[in-house]
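Here are the chains, one letter per residue:
There are 2 protein chains.
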Amino acid sequence: MTDQTRTTFAGVSRIEDLSPGEFAAEVNPEWTIGGKPNGGYLLAMLGRASARSVAHQHILAASAHYLHSPKPGPVTLTTEVLRTGRSVSQVRGRMAQDGTPCVEATFTLGTLAPDAAPYWSDGLPEPVECAQADCTPVTGSAIGGPGPAIMDQVDLRIQPDDFGFGRGKPSGAGTLRGWLGLPGGEDFNPISLLYAVDAFPPATLDIALTGWVPTLELTAYVRALPAPGPVRVLHKAQLIEGNKVDEACFVWDSRGRLVAQATQLAGIRLDRPE
Amino acid sequence: MTDQTRTTFAGVSRIEDLSPGEFAAEVNPEWTIGGKPNGGYLLAMLGRASARSVAHQHILAASAHYLHSPKPGPVTLTTEVLRTGRSVSQVRGRMAQDGTPCVEATFTLGTLAPDAAPYWSDGLPEPVECAQADCTPVTGSAIGGPGPAIMDQVDLRIQPDDFGFGRGKPSGAGTLRGWLGLPGGEDFNPISLLYAVDAFPPATLDIALTGWVPTLELTAYVRALPAPGPVRVLHKAQLIEGNKVDEACFVWDSRGRLVAQATQLAGIRLDRPE
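Chains as they are written, first to last, in the numbering used here: chain R, 1 to 274; chain P, 1 to 274.
Rather than coming from a laboratory, the hints here were simulated on the basis of the structure. Just so it is clear, CB atoms sit at the ideal spot from N, CA and C, and this is done for glycine as well. Keep in mind that a hint or two might mislead.
Unchecked claim - Listed below are several chain R residues computed to face chain P (Cβ distance under 8 angstroms; list not exhaustive): (1) 16; (2) 17; (3) 90; (4) 104; (5) 121; (6) 173; (7) 213; (8) 216; (9) 219; (10) 246; (11) 263.
Taking the hints into account, I'd like the entire structure generated from these sequences.
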């Protein structure tokens, strides 16, 4: 990574006000996989636009349908405030490029209390136990580069047991666990957590080495304000059927608290059903 | 249940074309809980409008944000086709009443093959083992009536172990498992599955006996065409924090195949914490 290609998340997800409910942004060419921008990154941009459109500042829920992958370069974001309430507000957002809708997303925003604590939980997975230093950095070259450009921007590490795909031997478990840090050690917030839930490679790489696994729909819930530092991620495939896969994602902060969770439905082509 | 109040799902979710992308519908007073219409029922109406707006007929993914609970009575549904593709199309839908937006939903539609079969799965829960006949029918009176009107319309049964809330003694597990049948034994399809994923009482009733648990966001994936007959449902709370709870839902058809899955984020007031 050279200084020239170094980015910050705040920088690459920056939006500029054009008029009320209309924003300009620039999809960064480095935050891509095979030239296609990461879906969570695009959702975060729209999340930023939604938060700028209402008084509530924290994304609680975001759901996005992906229509058309924008090219790196300028995009426009438009928001429509659906409702402003006392405890939550809802905003619809759309990203378009050259007049073509790319991402349609809806947000529920509210206020996350810094001192909130879990009241009850059950059935949630546990965060990865492997220390960050013992996990394998996923860089472009680590997975047979020139790999996804985005992997040379963020600090994404996968625990060795789950990194079979990097050695050409998926474990078959369909689970990827590891750590994620933003460029320059930038701390996470509810906006960048929308990227975190889609940051890991498709969990299906731990099942079969397929090509692009395009996200059709992604829903994320932000559950708590993240503590400073990198986050731990668990990304898991659940069912592959009819060329579709659903994946669940869980994100814990440095305190070990669940801060975000997500599901996505993606397309998958299993041309080597083995 | 008298003949007078008998409904069919096809009937209560019927929509009428007004103009391209605009539909009229009637929220049925019996499909309510404390006078408020069931959220999955409203989503199914919007799903029907979305399927009428494009060539693709099966909902694959639906995500809804709930803004304002409509009263029973007339509503208008508007759809906007976001993209029509070869394999999938995307449609945005909105339900409004007297000009007030009530539900904002986005749909990805495609074609579910009748002969599709699971290719791979892992980590999914198992459907309830308790036979339908051995589960406890949840009617208005069964839960200390006059209960939710909707429970006198559908055939919803919960396995005895999970029905502690009906006896005033939640088990604490936060899981409700059982069976669901539509009025008159109507078979399920991808539209009515959008109701099925939100049909069960809040899984939090198995933790604490609170009041209304209003859904903020609901995302459903339809994974397969359901076989005829009732479906089995598992509805599970995962984390309660900051007056919000996420619930996961899984729906299996009479063959035991996972046909739909969903997550929702809902508000919860724990005024009796313990």
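If you take the shortest Cβ to Cβ gap from residue 90(R) to chain P, is it below 8 angstroms?
Residue 90(R) check passes; min Cβ-Cβ to chain P is 5 angstroms, inside 8 angstroms.
Residue 216(R) as an interface hint toward chain P, with CB separation required under 8 angstroms
holds, 5 angstroms
Can we keep the residue 16(R) interface hint, with Cβ of chain P closer than 8 angstroms?
Violated. Min distance 24 angstroms.
Interface hint check: residue 263(R), Cβ to nearest Cβ on chain P, cutoff 8 angstroms. Holds or violated?
Interface hint status for residue 263(R): holds (6 angstroms vs cutoff 8 angstroms).
A closest beta-carbon separation below 8 angstroms is what the hint needs, so does residue 219(R) meet it against chain P?
It holds, given that the least Cβ distance between residue 219(R) and chain P is near 4 angstroms, below 8 angstroms.
Interface hint compliance - residue 17(R) to chain P, C-beta minimum distance less than 8 angstroms:
The hint is violated - residue 17(R) has no Cβ within 8 angstroms of chain P, the shortest such distance being about 23 angstroms.
With a cut-off of 8 angstroms on the beta carbons, see whether residue 104(R) makes it to chain P.
Given a least distance of 5 angstroms, the restraint on residue 104(R) holds.
Should the hint that residue 213(R) touches chain P count as held when the rule is a Cβ pair under 8 angstroms?
Hint on residue 213(R): violated, closest Cβ of chain P at ~13 angstroms, above 8 angstroms.
Proposed interface contact between residue 173(R) and chain P, which counts if any beta carbon pair is under 8 angstroms
holds, 7 angstroms
If you take the shortest Cβ to Cβ gap from residue 246(R) to chain P, is it below 8 angstroms?
It holds, given that the least Cβ distance between residue 246(R) and chain P is near 6 angstroms, below 8 angstroms.
Let's test the interface hint: is any C-beta of chain P closer than 8 angstroms to that of residue 121(R)?
holds, 4 angstroms
Hints 1, 2, 7 from the list above are not met by this structure, while the remaining hints are.
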